[in-house]
Every structure is written in structure tokens, then in C-alpha cells.
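Student: Residue strings, one per chain:
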Amino acid sequence: MISEYIKCVTDEGIEECISRVYDRVTKLEPKLHAFITLVDKDTVINNAKQVRSRKLMGLPVAVKDNISTKGIRTTCGSRMLSEYVPVYDATVIERLASKGATILGKTNMDEFAMGSTTETSFFGPSRNPWDLTRVPGGSSGGSGVAIASKMVEIALGSDTGGSIRAPASFNGVYGLKPSYGTVSRYGLVAYANSLEQIGPMARNASDLKILFSIISGFDIKDATTVSFDKKDDVDIKLNGFRIGILKDIMDRSSPEVQNVMSSFIEKLSSEGALIEEVQLGYIDYILPAYYIIAMSEASSNLARFDGVRYGYGRYKEGTWIQTFSANRAEGFGSEVKKRILLGSFILSAGYYDEYYIKALKIRKLVKESVDNILKSHDVILSPTMPILPPKLGDVIDDPLKMYAMDLNTVVANLTGIPAVSVPVGFYQGLPVGAQFMGKYLNDFFLLNLVSEVEKITKMAELTPSI
Amino acid sequence: MDIEIELIRKLETLALLKLSEEEENNIINDIKKILDFFNTIQKAQLSDVEPLFHPIKSTHLRPDEVKNGLTKEEALANASSVEGGYIRGPRTGE
Amino acid sequence: MVKIGLEVHVHLNTLNTKLFCSCSSNYEDKEPNTNVCPVCLGLPGALPVVNERALTMAVMVATALHMEISHILSFSRKHYFYPDMSKNYQITQYDGPGSTAIAYNGWIEINGKKIRIRRINIEEDPAKSIYPTGSILTSKYTLLDYNRSGIGLLEIVTEPDLENPKEARQFMEVLRSILEHLDVTNFELEGAMRADCNVSVEGGERVEVKNVGSPKDAEAAIAYEIARQNAALRSGVKIRRETRHWDSIRKVTVPLRSKETEEDYRYFPDPDLPPYYIPHETIDKIIKSMPELPESRIDRLIKQYGLDEYQAQVLVYQKQLADFFEEAAKEYKQYKRLANVIINEVQRRLNEREIELKNSKLSTEHLIKVLAMEDNGSISVKTMKDLIPKIIDGIDPEQYVIQNNLLIITDVTALENVINSVISKNIEVVRKAKQDPKVVDFLVGMVMKEVKKRANPKQVYELIQSKLREIS
Numbered sequence: 001m002i003s004e005y006i007k008c009v010t011d012e013g014i015e016e017c018i019s020r021v022y023d024r025v026t027k028l029e030p031k032l033h034a035f036i037t038l039v040d041k042d043t044v045i046n047n048a049k050q051v052r053s054r055k056l057m058g059l060p061v062a063v064k065d066n067i068s069t070k071g072i073r074t075t076c077g078s079r080m081l082s083e084y085v086p087v088y089d090a091t092v093i094e095r096l097a098s099k100g101a102t103i104l105g106k107t108n109m110d111e112f113a114m115g116s117t118t119e120t121s122f123f124g125p126s127r128n129p130w131d132l133t134r135v136p137g138g139s140s141g142g143s144g145v146a147i148a149s150k151m152v153e154i155a156l157g158s159d160t161g162g163s164i165r166a167p168a169s170f171n172g173v174y175g176l177k178p179s180y181g182t183v184s185r186y187g188l189v190a191y192a193n194s195l196e197q198i199g200p201m202a203r204n205a206s207d208l209k210i211l212f213s214i215i216s217g218f219d220i221k222d223a224t225t226v227s228f229d230k231k232d233d234v235d236i237k238l239n240g241f242r243i244g245i246l247k248d249i250m251d252r253s254s255p256e257v258q259n260v261m262s263s264f265i266e267k268l269s270s271e272g273a274l275i276e277e278v279q280l281g282y283i284d285y286i287l288p289a290y291y292i293i294a295m296s297e298a299s300s301n302l303a304r305f306d307g308v309r310y311g312y313g314r315y316k317e318g319t320w321i322q323t324f325s326a327n328r329a330e331g332f333g334s335e336v337k338k339r340i341l342l343g344s345f346i347l348s349a350g351y352y353d354e355y356y357i358k359a360l361k362i363r364k365l366v367k368e369s370v371d372n373i374l375k376s377h378d379v380i381l382s383p384t385m386p387i388l389p390p391k392l393g394d395v396i397d398d399p400l401k402m403y404a405m406d407l408n409t410v411v412a413n414l415t416g417i418p419a420v421s422v423p424v425g426f427y428q429g430l431p432v433g434a435q436f437m438g439k440y441l442n443d444f445f446l447l448n449l450v451s452e453v454e455k456i457t458k459m460a461e462l463t464p465s466i
Numbered sequence: 001m002d003i004e005i006e007l008i009r010k011l012e013t014l015a016l017l018k019l020s021e022e023e024e025n026n027i028i029n030d031i032k033k034i035l036d037f038f039n040t041i042q043k044a045q046l047s048d049v050e051p052l053f054h055p056i057k058s059t060h061l062r063p064d065e066v067k068n069g070l071t072k073e074e075a076l077a078n079a080s081s082v083e084g085g086y087i088r089g090p091r092t093g094e
Numbered sequence: 001m002v003k004i005g006l007e008v009h010v011h012l013n014t015l016n017t018k019l020f021c022s023c024s025s026n027y028e029d030k031e032p033n034t035n036v037c038p039v040c041l042g043l044p045g046a047l048p049v050v051n052e053r054a055l056t057m058a059v060m061v062a063t064a065l066h067m068e069i070s071h072i073l074s075f076s077r078k079h080y081f082y083p084d085m086s087k088n089y090q091i092t093q094y095d096g097p098g099s100t101a102i103a104y105n106g107w108i109e110i111n112g113k114k115i116r117i118r119r120i121n122i123e124e125d126p127a128k129s130i131y132p133t134g135s136i137l138t139s140k141y142t143l144l145d146y147n148r149s150g151i152g153l154l155e156i157v158t159e160p161d162l163e164n165p166k167e168a169r170q171f172m173e174v175l176r177s178i179l180e181h182l183d184v185t186n187f188e189l190e191g192a193m194r195a196d197c198n199v200s201v202e203g204g205e206r207v208e209v210k211n212v213g214s215p216k217d218a219e220a221a222i223a224y225e226i227a228r229q230n231a232a233l234r235s236g237v238k239i240r241r242e243t244r245h246w247d248s249i250r251k252v253t254v255p256l257r258s259k260e261t262e263e264d265y266r267y268f269p270d271p272d273l274p275p276y277y278i279p280h281e282t283i284d285k286i287i288k289s290m291p292e293l294p295e296s297r298i299d300r301l302i303k304q305y306g307l308d309e310y311q312a313q314v315l316v317y318q319k320q321l322a323d324f325f326e327e328a329a330k331e332y333k334q335y336k337r338l339a340n341v342i343i344n345e346v347q348r349r350l351n352e353r354e355i356e357l358k359n360s361k362l363s364t365e366h367l368i369k370v371l372a373m374e375d376n377g378s379i380s381v382k383t384m385k386d387l388i389p390k391i392i393d394g395i396d397p398e399q400y401v402i403q404n405n406l407l408i409i410t411d412v413t414a415l416e417n418v419i420n421s422v423i424s425k426n427i428e429v430v431r432k433a434k435q436d437p438k439v440v441d442f443l444v445g446m447v448m449k450e451v452k453k454r455a456n457p458k459q460v461y462e463l464i465q466s467k468l469r470e471i472s
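Protein chains in written order, with this note's numbering: chain A, 1 to 466; chain B, 1 to 94; chain C, 1 to 472.
It cannot be assumed that every hint is accurate.
[Said to hold, decoys possible] Derived BS3-like pairs (lysine-lysine); straight-line CA-CA distance at most 30 Å:
#, chain 1, residue 1, chain 2, residue 2
1, A, Lys99, B, Lys67
2, A, Lys364, B, Lys33
3, A, Lys316, C, Lys30
4, A, Lys316, C, Lys128
5, C, Lys78, B, Lys10
6, C, Lys30, B, Lys18
7, B, Lys72, C, Lys30
8, B, Lys33, A, Lys338
9, A, Lys231, B, Lys10
10, B, Lys18, A, Lys401
11, A, Lys316, C, Lys285
12, C, Lys285, B, Lys67
13, A, Lys247, A, Lys99
Hints in this document: simulated from the structure, not taken from any laboratory. Here the structure is a predicted model, which means the values were calculated and not measured.
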């Protein structure tokens, strides 16, 4: 907990507390591989000492490796950027620094955030601390692992189609995909601009909210941010709370997941929550529509990587057609290349209306559907993931199997509404998370709900013994 | 849809990604599968629906005021090849 | 039958900053890569945000060109790879689902003919390329300076309504004048205006000629291209669709790349820039506070100063001349004469020396002095004309006239001395003076020649007459 770190620093001093962090990291990293880059201990201790007067008193934070950190290597899990050191900080990093956080390191991720298991990383996968033979989820797998294994109290991830919530669910921790536009993307290496947000991850509801408060808010440097009311004054009571359960999503989840969810739903009912089954609709169209939009935007966003201003630039002789083609073919991994090719196809002349425009129409229908449900319900509930964490290597060779993992989570990205994953139980030792989705810009409402849920599940500060 | 190597090659040119023959052969099945998966949406009834391009309705503009940017060293810091303050790029003529 | 269409790009260099970032728009004379930021360098994670005054500029130009203005400001990505592209896509405007140009369907009038403007786009400029070991076609590699990357441009696209090179030049001159009057572009800066000229003859394929930097260049490039195409047709060669490059030194167009296959730019609305809904009040406010347009200024010069249409047009279409005229007209009230001298004498001399009025040392004060001296008979017409190049160099005309003895001689004694001298050298002619009145004119001519025209011919004539009467 953040408050535990603050107490430690107050009682024992910065050097002692941060040294303990490094002891733990050193012990666990060989097994877990949560980090791509670790800042060295003395630097972090010095940074922390300089900001101890501020709110977080030098709290070390883990940051997903697609968020720009000045002077600290930022690879996006790719060979393309394996030596790239940014010369500027993302807005969220500036905001964290202004509150006195320090960066412990950059966490492992699927290459350019394209994946749901952290297995497409150029630097090798991370491992689920609850079962080292299984994936930690993705693409923010490293951040999820760092939180669950208590290397850090809070971490930043990014979520394009579930990339914060999947690792949150698979690691038994809390993760929020904020409402689109509430957290600046300035400094987030773009995968799919109209779908993604940077978001907080933590082991309890209170820390989750603290981190969200710090990073969120209008940013003049990001034309897709909005001003929103950060007033946190809504009191949530589960008694009488109206919850809509997505039946068509539940039905497509594995029996193990449904099993754990049922127990959770019972708990909610016994607190007086009013639970009703609802249909989302368009269930066969949601995933293809999501991937069409994501891959199109990705193919465009990744065009800039040609080895000239930065990035893998091994090939220099020849025309731009020759050098760019060679640098990009070698710099990118195969999942990324696949998505770039497909994205180029979708945007190309003759196919744009057939795929891209149609996908945007499905997006509109899904938005209308969730807005409708939220007219008569306070939140929407579903399992975060349709399955338990798979074994390493299980899904990575079959793209459709991998994409299918995202069914429950992409809805929030398509529509922009906030979605949070909370740990609600275990199945044979493996964590299961439930996902709450709320009205657009009602993130504090959602976070306060999470506090109430935490009280009844008593699932805060979960961590395995490794 | 009949996916031939020709389509893959055309996309390689469009996206400037030069795949090896082996990669092309490996990738073609996945691409076929995924395109079939995309084609599912052709079954949807969409004639009366407006596309939703973006989750937010409108954006803000920026005042026309100069702010400090990067130093020259910062601008060149990550370039793989520089010369006399310029960033070196490939040639443009055949 | 020739068809010419222009795509004119002008720098929005009167903005303080670039189009999508807060770097200065003044990049001239800066060391390479010292005017950049993460956005215009295309660094991973950087995001564009639109300069609000770019919208103002676009609305003003659209209004001046009688165009329909879009109610949303939206941008699209145009994808192509090239060494000078910081993101390998250009943020521009496109007419498609979810996106629109800022304005459509206008016109500019040239010689009573309406040249239709199809659309205006707002877009960004790429980096500047140097070809260290040759040219764009031969250099082994390219050197890139991103100081210019991200500068705002307006692209103004015409229908192929122009029919000859001269019309194209006139079109660009009028357009330039409009942009100067609106203070949208400063044409003194390098690269302020570039045009792509699309030329087709005899209903054939159109050829795009790039790298045309000025109205004069446009006239020359298009003339060359028309001749080239006609020559090709005569020898049975078919014109294919292609892109050529205007070499302004060798004065020829050379092939750049074949456009047989259309590039697939994969346009789609930029997801980093959701549409901006332009409030009505904003457009009204911009239009109300627009500077005076050339059309209006021409009308006003005619009404206010009594100039004729030709005079007014020539002055206004070279804004500096009109500004100079109106400044001088505050003190000097013979407006038509002032206009004539500016157009026929000042302009001519500036052209000879290939300098702009504002780069010369010409002042309204000095010009007025020159005109006043001729008005009161102190100098001759010839002297007035000869003084123009001097005042262009900033030389005080009154001092110069005195130092160089250019004042018209009015002193009767001095004149009579000259007359006597001429008469004594032309006794034979003088004898004929009684029979032939034209002899007097001849004598006047000789006297004027002697005094280098620094005399009033009327006065000389009368003095000679009275001298002749004396003699006989």
C-alpha cells in the first residue's frame, strides 16, 4: 500500500525502504521477468531524496515500456526501439514526478502493445507469479506482475483492448481503463489512438484511486483529452445498487470463470444489490470490428518507424524504399508485421468502406447498446476475461485464439466508457477478475464502487508466495 | 476471399515491410484466417447506421504562442546517422 | 487546346508557431535541427494540436476567394513513405467519410474571367532535404533538417480553367496580392509559395510539374511544358501521366517519377484530431475583422483618388506599390500623376535592378520632392526621370540636383550667353530664320542640347525670337 511506503520512509528513511524494494526485485526478477529496464538503485534513491517533501515521498513506480520517460530507455517491447532513449517525458510522468514519485523501471509488454499475454515481447515473456508456467496477461503483463509480486505499490499500464484489465484479472490485482480522454496520451507510443488510455494498476482500491487522480485531467498537448469533473463526492451503497450482467458475454466464458463469478454475484446480491441479466447484442461483430479499427490505426501509427530519426536503422545504403523495408522487416516481430499488413489492407482503396467504415458502424451500435443499458442500471458487470490464465505457449500460435481472449474487454475501448477489473476469487489457485463498466466520465463513481466491493470480497493486497 | 501471395506482396510494398519468402509462407495462413474473421461483419445490417469515428465529440485548439522545443543534441540523440547537424537519410534517386 | 490547373502551396509564415506544435514558424537562417520538438520530429508518443490562428487564416482566404466554408475543422492522414517525412504520413485535409476540406467552390477573377477554386486545404510541410553529393536524383544520400517540418501550409487547388502560361502567372500574382493584403503569407521568406502545375494539351493525359516557385517561374515552366508536349505529339509520342520537376536554372522540366499507378494514400480521419465544430460567431468575427481585400482596395482607389481601373489594378496587385502610393498621397495631391510616375518610372527602375520596393531606400518624401521640383519648373521631365534611380538608392534629390547642376536655368543672362554662342556657330541657319520659322525650333533644340535640357523650352524660344528680332 502507498500508505505503508509512506510510513516506512517516515520511520526508517528513504534509503532503507528503497533498498528493500531492490532486494525484492533482485530476488524475484529472474523468475518473473517483470522489467525490461531497471533504473539503478543509487539513482532512484537520490531522486527519491530530492522529492521526499512531496506527497508520494519518492515512491518507486513501475511504468509500462510504451510510455515515454526522459533519459530512460523506452522499447515498447520491440527490437525496433531496443536502444531508444526518449528526450521528453509523457505528461503522466510529469504529473507523477510533480507529486514526488520516482521511476523504478520500465515493465515488460507485448510488442507495441499488440497481444494479450506479454508473449510477443522481443525481450521474452513475463511469468504469472501465481503459477510460473502461465501467462500474466497482456499487454501490460510486466506491470501486473510487478504489482502482484509486491515489487511496487502502483504501476502504469495502457489499455487498447483490455491490456490493463487482462493482467489485472490474471494477477489478482486492480486495474482501471479510464474513460477515453481523461488521461493524456501525450508520450504514449500509439498503437490505436481512438481506443487506448493509460491507466492505473494497484493492489487495492484506495491506491488505484490515488494514482488515477494524479495522472488524470485535461492536457493542452493532447487534443483527445476532455475536461471532466474530478469531484469525488459520491457515496456508493451496494444496497439497491442496480447491476446489469452481460448474459451473452457470461455465456461465452469458461465454466471455471462462470463458477467464480456466480459466487461473487451471490455476495453482491446478499448485500442488497439489484442484479439483472441484460443482453449486449452484436456479439459476433464486436471482436472483428475492434480488430479492424485497431489494426488500421496501428498500421498508420507504426509508419513512422523507419530507422532515420530513431529506432532500428541498420540498413542505410539504397533508396528509402529499400532501407525502410529492410529496417522495418527486421525491427518488428511477426505479430506486429501481421497487424501492419492487415491494417494497410483495410485502409487501402477499395476496402476502406467494406471494412473500416463498417467496423465504425458496429462501434456506433455497441455504444448505443451500452448507453441504453446504463440508462436503467448503475453499472454493467461481466467477467474480465473469458478464461483462466492459459499456459505459456498455448494461445500464441493461433491468432484467433489470442484475439478471442479480448471479447469481454474491447467493449469499453470501442465505446470509451470506463472499465475496472477487481479480483473476486480463485479457481484452483488461479485468480479471477470481474469487470465493472460505468457511464462515460463517471470514473470516480466507478472507483468508489470498487472500494465498496473490496470491503465485501476482502481481496486487497493479494500476493502469492514465490 | 482468395488470398494469394500477390496480395501479401502488394501489402508489403504499401507498408514498406520486406518479408522473406519463408515469412511470407508462414504469414499467409494467419492472414487468411484473420480476413475470414473480419468478413463476419459483412453479415451485419448496417445501412441505416452512422459510423462512430471517435469516442469524443470534439476537440480543442491551441493558442499561437511559441514554446521552447528540443535542443539540437536532443533532436539528434536517437538518430542512427548524423552529419554536420543534419540527420542522415537514404537517397531519393534510383 | 491547353488545360492548366494549379495546386498552389503557401506557407502560413505569419503565424507565430507551426501548425500542430508550438515551435516557431520562423525557421530561416537557423542552424539545422534547432527549431524542433517531439511533435514535428515525429517522435513516438508525440501528438498534434491545431494552431487556432491557422483556422483564422484559412477562413479569411476562403472568404476572399468567395468559397463555402466548412462548419467543422477536420484533418486526415495521407500515407506515403519518404525520407523527409517525420511520420511517413502527412496530416492534411481530405474529402471523405468523417473528413472535409476547410472550404470549397470559390473563384478568382482574371481579366474578367472566373478561375474556379475547387478547394482549400490546411496541411503541414515536411522537413527540408539537402542533397550533398548531387541532386534529388543523383545524391547518394539525403541530409534532413526538421526546422521546417510541421510548418502550416494552405493548399489552394484550381479547376483546370487556365488556358495559357500568362494567365497562370496572372492568377498567381492576384492570389499573392490577396494573401499579402490579408497578411497570411510573407512572400519575402524563402519557399513562401510553391506551385504544382498540371498541364495537358489536346485533351491528353496531364503532366504534373513540381518545384515552381513564383508567378514568373509558372509562366516559364508551363510554356516549356506545353512546347515539350506538343513536340512529343508531333513526333508521334504519346504523353503519359507523370510527375516532372522544374529546373529553374536550366529552365527545363525533367522526369521525376512515373504516375502510371496512382499512389494509394490510404486517407482516413486522423484519430489524434477529432473534429472541431467551428462556432458561427467565430467565422463572423473573423470576416468582420478582415483587412481590406484587393478587390475592395481597387474600387476605393478609383473612388477616393480618381485613378483609372488600370492604374488601381497595377498598384494593388503589387501591394507594396499601393501602400507607397497611399502613403505619398497624404502629402501629394496630384493623384493620377503620382500613380503614373510610380507605375511607369519607379516600378520600371525597380524591375531593371530586380529589387523590391521595400528593399530599396526609396521614400515617399524624396519622390514628392522630385515631383514638386518638376511641378514648379525647377527641373525638366528628363531630369525627373533620371532622379528616380537616385532616390531609389536613398540619395536626397534636392542636394543631388544642386551638386550636379541640374536645375533649370532661368537666369536670362546665362541663357542669352548660350543663345549667342549657338547663333554665332550657326550664322547660315540664322539667316534663313526669317523665311523659315522651323529654324527657330532648330535653334531652340541646339540651345537645349547645350544646356543639357536644363531650360524651359518656352523661355528659350522667346529669348531666341527676341534675339533674332534684335539682329535683323
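Student: Would you mind confirming whether the straight-line C-alpha gap from Lys30(C) to Lys18(B) stays at or under 30 Å?
Tutor: violated, 37 Å
Student: Does the alpha-carbon distance linking Lys33(B) and Lys338(A) stay inside the 30 Å limit?
Tutor: holds, 12 Å
Student: Measure nothing beyond the straight line between the CA atoms of Lys231(A) and Lys10(B); if it is 30 Å or shorter, mark the hint as holding.
Tutor: violated, 52 Å
Student: Within a Cα-Cα threshold of 30 Å, do Lys99(A) and Lys67(B) meet the stated pairing?
Tutor: holds, 24 Å
Student: Please work out if Lys72(B) and Lys30(C) have their alpha carbons no farther apart than 30 Å.
Tutor: Distance ~11 Å between Lys72(B) and Lys30(C) Cα, so the pair holds.
Student: Quick one, are Lys316(A) and Lys128(C) close enough, alpha carbons at most 30 Å?
Tutor: holds, 19 Å
Student: Within a Cα-Cα threshold of 30 Å, do Lys247(A) and Lys99(A) meet the stated pairing?
Tutor: Roughly 42 Å separates the two Cα atoms, so the pair is violated.
Student: For a C-alpha distance cap of 30 Å, please report whether Lys316(A) and Lys285(C) respect it.
Tutor: violated, 52 Å
Student: Would the pair Lys18(B) and Lys401(A) pass a check requiring their Cα atoms to be no farther apart than 30 Å?
Tutor: holds, 27 Å
Student: Check whether the Cα positions of Lys78(C) and Lys10(B) lie no farther apart than 30 Å.
Tutor: This hinted pair holds, its Cα atoms lying about 18 Å apart.
Student: Regarding the pair Lys364(A) and Lys33(B), is the alpha-carbon distance no greater than 30 Å?
Tutor: holds, 26 Å
Student: Take a quick look at whether Lys316(A) and Lys30(C) sit within 30 Å of each other, Cα to Cα.
Tutor: holds, 27 Å
Comparing the model with each earlier hint shows violations of hints 6, 9, 11 and 13; every other hint is respected.
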